[in-house]
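Generate coordinates for the entire structure from the input sequences, incorporating the hints supplied.
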Amino acid sequence: MLDALWQGLVLTLTVKGIAMLVLGVIVGLIFGVIPGIGGPNALALCIPLTYGMTPQDAMALAGGIMGSVSFGGSITSILINTPGNAPNAATCFDGYPMARQGRAGAAIGAAGTAAALGGVLGVLLLLAVVPIAKQIVMSFGPPEFFMLSVLGLACIAVSTGGMFLRGLVSGGFGLILSLVGVDIINGGTRFTFGIDALYDGIGVVPALIGLFALAEMIHLSIAGGKVAREDAEAEISGVWDGVVETFRQWPTVLRGSAIGAVVGAIPGVGGTICGFLAYTAAQQVSKDPDSFGKGNILGVIAPESAANAKDGGHLIPTLAFGIPAGAEMVVFLGLMILHGLEPGPRLLIDHEDVIFALIVSLTIACIFATVFGLLITRWLALITLIDVHILVPTVTAISLVGAYALEQKVSDVVISVAFGIVGYFLIKFRYPRVTMILALVLGDLAERSFYQSIKIGDGTIGIFFQRSISLTLFVLIVAAFLLPGLRYLRSRARDAK
Amino acid sequence: MLAKHILMAAAALLAANLAGPAEAAFPDKDINIVIPFGPGGGFDVYVRMVGPFLEKHLPAKVNVVPKNVDGAGGARGMTQVFRAKPDGFNLAIVNVPGAMILPILGEKVDYELEKMTWIARLSYDSYVLVVPAKSEIKTIAEYASFAAKGPLKMPSVGTGTTADVAARIFLDVYGFKGEMVAGYKGTRDMTLAVIRGDTASGILPSESTRSFVESGDLRGLLTTADPTDYPGVPSAKSLGKTDLDGLFVHRLIAAPPGLPGDIKRTLEKAFLEAMADPELQEIAKKTSRPLAPLNAVEAEAAVKRQLQLYLRFKDVLKDK
Chain W
1 MLDALWQGLV
11 LTLTVKGIAM
21 LVLGVIVGLI
31 FGVIPGIGGP
41 NALALCIPLT
51 YGMTPQDAMA
61 LAGGIMGSVS
71 FGGSITSILI
81 NTPGNAPNAA
91 TCFDGYPMAR
101 QGRAGAAIGA
111 AGTAAALGGV
121 LGVLLLLAVV
131 PIAKQIVMSF
141 GPPEFFMLSV
151 LGLACIAVST
161 GGMFLRGLVS
171 GGFGLILSLV
181 GVDIINGGTR
191 FTFGIDALYD
201 GIGVVPALIG
211 LFALAEMIHL
221 SIAGGKVARE
231 DAEAEISGVW
241 DGVVETFRQW
251 PTVLRGSAIG
261 AVVGAIPGVG
271 GTICGFLAYT
281 AAQQVSKDPD
291 SFGKGNILGV
301 IAPESAANAK
311 DGGHLIPTLA
321 FGIPAGAEMV
331 VFLGLMILHG
341 LEPGPRLLID
351 HEDVIFALIV
361 SLTIACIFAT
371 VFGLLITRWL
381 ALITLIDVHI
391 LVPTVTAISL
401 VGAYALEQKV
411 SDVVISVAFG
421 IVGYFLIKFR
431 YPRVTMILAL
441 VLGDLAERSF
451 YQSIKIGDGT
461 IGIFFQRSIS
471 LTLFVLIVAA
481 FLLPGLRYLR
491 SRARDAK
Chain D
498 MLAKHILMAA
508 AALLAANLAG
518 PAEAAFPDKD
528 INIVIPFGPG
538 GGFDVYVRMV
548 GPFLEKHLPA
558 KVNVVPKNVD
568 GAGGARGMTQ
578 VFRAKPDGFN
588 LAIVNVPGAM
598 ILPILGEKVD
608 YELEKMTWIA
618 RLSYDSYVLV
628 VPAKSEIKTI
638 AEYASFAAKG
648 PLKMPSVGTG
658 TTADVAARIF
668 LDVYGFKGEM
678 VAGYKGTRDM
688 TLAVIRGDTA
698 SGILPSESTR
708 SFVESGDLRG
718 LLTTADPTDY
728 PGVPSAKSLG
738 KTDLDGLFVH
748 RLIAAPPGLP
758 GDIKRTLEKA
768 FLEAMADPEL
778 QEIAKKTSRP
788 LAPLNAVEAE
798 AAVKRQLQLY
808 LRFKDVLKDK
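For the protein sequence lines, the chains are W and D, in the order given.
Under our numbering, the letters of the first sequence match residues 1 to 497, in that order.
Under our numbering, the letters of the second sequence match residues 498 to 817, in that order.
It should be emphasised that the hints constitute simulated quantities derived from the structure, not laboratory data.
Small disclaimer: the values here were computed from a predicted structure and weren't measured.
There could be a bad hint or two in this list.
[Said to hold, decoys possible] Keeping only pairs whose Cα atoms sit at most 20 Å apart, straight-line, the calculated EDC-like set for lysine to aspartate or glutamate is:
1) D:K682 - W:D444
2) W:K409 - D:E765
3) D:K605 - W:D196
4) W:K134 - D:D812
5) D:K815 - D:E711
6) W:K287 - W:E342
7) D:K811 - D:D723
8) D:K674 - W:D458
9) D:K761 - D:D527
10) D:K682 - W:E447
11) D:K650 - W:E447
12) D:K564 - W:D200
13) D:K605 - W:D183
14) D:K564 - D:D525
15) D:K761 - D:D607
16) D:K815 - W:D183
17) D:K783 - W:D353
18) D:K682 - W:E342
19) D:K564 - W:E407
20) D:K526 - D:D567
21) D:K783 - W:E342
22) D:K682 - W:E352
23) D:K605 - W:D200
24) D:K783 - W:E352
25) D:K766 - D:E552
26) D:K782 - W:E342
27) D:K738 - D:D723
28) D:K612 - D:E711
29) D:K761 - D:D567
30) D:K682 - W:D183
31) D:K646 - W:D458
32) D:K553 - D:E765
33) D:K782 - D:D669
34) W:K409 - D:E711
35) D:K650 - W:D458
[To be verified] DEER-style ranges, computed between Cβ atoms:
36) D:Q805 - W:I195: 34 to 42 Å
37) D:V813 - W:V475: 39 to 47 Å
38) W:S291 - D:E604: 27 to 35 Å
39) D:K782 - W:I390: 51 to 59 Å
Where is the CB? At the ideal position from N, CA and C, for every residue including glycine.
Put into structure tokens, the structure is as follows:
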């Protein structure tokens, strides 16, 4: 294995390989920063560029993109409360409050460092499990998918800090929205009102752009001023503090990376959920859970390490079975096939060198993206000091272009605007928006896998409790709901003393 | 300087006019090929694989631009090409029978497959009945006695999708009772479902299953291709089930209705030459994406044949 790794390193570290890697990182950062368009678009754009390349160089380009998109996406989460990509949504919780307190530099420093560490740890995990990748993917069937999606929903409701019921209300609304479109099970359409644009359901990305970017812009333009409320100029240089703090918080990094890599390895669940799971886990083990949501740096470190570690995990089902774990992997799969790398049981035997070249590129990209990103943080953080009269029209225009660019559908722009208005009222009446977006993401998976489980289990729900992984997940769900209650009771008991 | 430019432009115009009527110059701009599915799937890969070679064999140097227009189960992309100008610059890769199932099932679609101009076939794929390799079922006869014990569960993407209707036709031909477990994300996901044991068997496109049969994760019991395309697996025809013979997925290139004959011939020739290019054949072989070219007449006949086949089974294509 070490031999193969060395081979991969040699193959990647050619002049052209490094050039491709750097190009990938730059493209990845840019696509990451623009809300709505992310890894899948960046990869799709680069596919034609790779026509004449060797598979190794193509993997260097792809690795560069995948390793850097997540960090790019965290920057907008922190600066303007708008996740660049869905997996960065959890970073908004504490990243944006930090920016408002004038600690944007520290938040970006922490996000970048966590992303680099998470990415490297995710790749290490990938290396460790390559021999048993098959068993891991095999042990997750529909019952486990259902439990995982419910766990995701439970975690998010719990992590909304003091707004448990409001979180559930907003999540319930998201679940209803996830039902719109073709009912895959019987082929009928639901809640489309005869509108063609709703046939395929409400896209997550247009909804995300509306709920976060547009809603935030409406909110900002009504409130006026700048993102950073306090006189923050002196603090923007706090990048290094964020970097150091992340290394000091290594248990959170490790936990976040492990969650990201493991959840990322499960096809169908995708990357969005792992950021939330890592965030909730960090909050639940913290001695001071109330400080989350108010600018706790751990709330940035945990989801960012998970969001970047997921790439390593994502590659497991993609390489071993040709089953993409997320949108990004769908495109990546196309790229692999184009270069004669047929994913499946024989890939690792036939093309070990290319796979290790990819692993090496992904590792280097994670680190390089962070170093490069942090070098320009000082200027990026200035965004929070821009007056809303300039910021709002700019971000709105970029967001709407992002909504359109994804699938070239004008209807997506309309959906974005509608969600922007809904999102504004959610901000105004203090309902969490992330529960809605996560329910929209997971509703489809939950419904589908529930139906499949029941069919496979001959019409009984016993199947959820007879399989050990499914049962374990169920216990975690119960724990997720009970923990905040228990903590509340304990703190009351302490207060009474 | 400016005068020089104007002079040159005038000269170019004159030359173009002298060269004769415009249609002789086809193609004089980029050719779009609409893929009615997202990037990364089989249809996408075929277009991206053949595209560069089509550029090479077209009479003029233009780009071939793959365009993913997914949505509405492929209907969105199909409609876009159906309504496009029949000038040869708007083509689509068509999933047959996929594109004909929706209208057969009574869904309203805004395209008419029979009116499209068929240019060529790139490839086809057979269906294979698979069970997990660890299953005790080793032959189709053993499978039949297993089927007698209760409804056969089959993985499916959803009602009206190609593998779903293929499985329903298979069940009907054999008189087996079946039950579809819908909701899988694609044929790869369905393959995994069978390996994992979600269902005892599945009817799947060969392309998705082949590497898993070769690796010993799955066992094939029957294929719809004759002669058989899997060593040791009997063809449906050899088992006397002629209705299943030729139950395929075709990947065809089509243009909007009313494409002028000369443009059609130019495109047909370019596609056939591209697929005969040894370099492309090498890539196809290396990536296990076999090419099975048919010319325009043969492609149209293949469409007609599939249409008749599916119309015959119209009543079993979905739950009543």
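Here's how the hints hold up against the structure:
1. Under the criterion of a C-alpha separation no larger than 20 Å, the hint pairing K682 (chain D) with D444 (chain W) is consistent with the structure, at around 11 Å.
2. At most 20 Å may separate the alpha-carbon atoms for a hinted pair to count; K409 (chain W) and E765 (chain D) exceed this at roughly 32 Å.
3. With a C-alpha separation of about 12 Å, the suggested pairing of K605 (chain D) with D196 (chain W) holds against the 20 Å cut-off.
4. Taking the CA atoms of K134 (chain W) and D812 (chain D), the gap is near 40 Å; set against the 20 Å cutoff, the hint is violated.
5. A distance of roughly 32 Å separates the Cα atoms of K815 (chain D) and E711 (chain D); the hinted pair therefore is violated under the 20 Å criterion.
6. This hinted pair does not check out: K287 (chain W) and E342 (chain W) have alpha carbons roughly 48 Å apart, beyond 20 Å.
7. For the proposed pair K811 (chain D) and D723 (chain D), the alpha carbon gap of about 24 Å is over 20 Å, so the pair is violated.
8. With a C-alpha separation of about 15 Å, the suggested pair K674 (chain D) and D458 (chain W) falls inside the 20 Å cut-off, and the hint holds.
9. Note on K761 (chain D) and D527 (chain D): the hinted pairing holds, with a Cα-Cα distance of about 16 Å set against a maximum of 20 Å.
10. With a C-alpha separation of about 13 Å, the suggested pairing of K682 (chain D) with E447 (chain W) holds against the 20 Å cut-off.
11. Straight-line distance between C-alpha atoms of K650 (chain D) and E447 (chain W) comes to about 19 Å, which keeps the hinted pair within the 20 Å bound.
12. For the given pair, K564 (chain D) sits about 19 Å from D200 (chain W) by alpha-carbon distance, which is consistent with the 20 Å threshold.
13. A hinted pair counts as satisfied when its Cα atoms are at most 20 Å apart, and K605 (chain D) with D183 (chain W) qualifies at roughly 16 Å.
14. Annotation: proposed proximity of K564 (chain D) to D525 (chain D) holds, straight-line Cα distance about 19 Å (limit 20 Å).
15. For the hint linking K761 (chain D) to D607 (chain D), the alpha-carbon distance of about 23 Å lies beyond 20 Å, and the restraint is violated.
16. Restraint check: the Cα-Cα separation between K815 (chain D) and D183 (chain W) comes to about 14 Å, which is no more than 20 Å; the hinted pair holds.
17. Distance restraint check for K783 (chain D) and D353 (chain W): the Cα-Cα separation of roughly 17 Å lies within the 20 Å cut-off, and the hinted pair is therefore satisfied.
18. Annotation: proposed proximity of K682 (chain D) to E342 (chain W) holds, straight-line Cα distance about 19 Å (limit 20 Å).
19. For the suggested pair K564 (chain D) and E407 (chain W), the alpha carbons sit about 11 Å apart, so the restraint of at most 20 Å is met.
20. Only pairs whose Cα atoms come within 20 Å are accepted, and K526 (chain D) paired with D567 (chain D) is rejected, the gap being roughly 24 Å.
21. Restraint check: the Cα-Cα separation between K783 (chain D) and E342 (chain W) comes to about 9 Å, which is no more than 20 Å; the hinted pair holds.
22. Distance restraint check for K682 (chain D) and E352 (chain W): the Cα-Cα separation of roughly 28 Å exceeds the 20 Å cut-off, and the hinted pair is therefore not satisfied.
23. With a C-alpha separation of about 15 Å, the suggested pair K605 (chain D) and D200 (chain W) falls inside the 20 Å cut-off, and the hint holds.
24. Proposed proximity of K783 (chain D) and E352 (chain W) is supported: the alpha carbons are some 16 Å apart, at most 20 Å.
25. Of the supplied pair hints, the one linking K766 (chain D) and E552 (chain D) holds, its CA atoms being roughly 12 Å apart against a limit of 20 Å.
26. A C-alpha spacing of about 11 Å is found between K782 (chain D) and E342 (chain W), which places the hinted pair at or below 20 Å, so the restraint holds.
27. Proximity of K738 (chain D) to D723 (chain D) is assessed by CA-CA distance (about 11 Å); at most 20 Å being required, the pair is judged to hold.
28. Note on K612 (chain D) and E711 (chain D): the hinted pairing is violated, with a Cα-Cα distance of about 41 Å set against a maximum of 20 Å.
29. At most 20 Å may separate the alpha-carbon atoms for a hinted pair to count; K761 (chain D) and D567 (chain D) exceed this at roughly 25 Å.
30. At most 20 Å may separate the alpha-carbon atoms for a hinted pair to count; K682 (chain D) and D183 (chain W) meet this at roughly 13 Å.
31. Of the supplied pair hints, the one linking K646 (chain D) and D458 (chain W) holds, its CA atoms being roughly 14 Å apart against a limit of 20 Å.
32. Using a Cα cut-off of 20 Å, the hinted pair K553 (chain D) and E765 (chain D) holds, with the two alpha carbons roughly 14 Å apart.
33. Between the alpha carbons of K782 (chain D) and D669 (chain D) the distance comes to roughly 35 Å, so the proposed pair goes past 20 Å and is violated.
34. For the hint linking K409 (chain W) to E711 (chain D), the alpha-carbon distance of about 42 Å lies beyond 20 Å, and the restraint is violated.
35. A distance of roughly 10 Å separates the Cα atoms of K650 (chain D) and D458 (chain W); the hinted pair therefore holds under the 20 Å criterion.
36. Roughly 35 Å separates the CB atoms of Q805 (chain D) and I195 (chain W), a value that falls within the hinted 34 to 42 Å.
37. At roughly 44 Å, the beta carbons of V813 (chain D) and V475 (chain W) sit within the given window of 39 to 47 Å.
38. One distance hint, 27 to 35 Å for the beta-carbon pair S291 (chain W) and E604 (chain D), is violated here, with the actual separation near 54 Å.
39. Checked against the hint of 51 to 59 Å, the pair K782 (chain D) and I390 (chain W) passes, with Cβ atoms roughly 57 Å apart.
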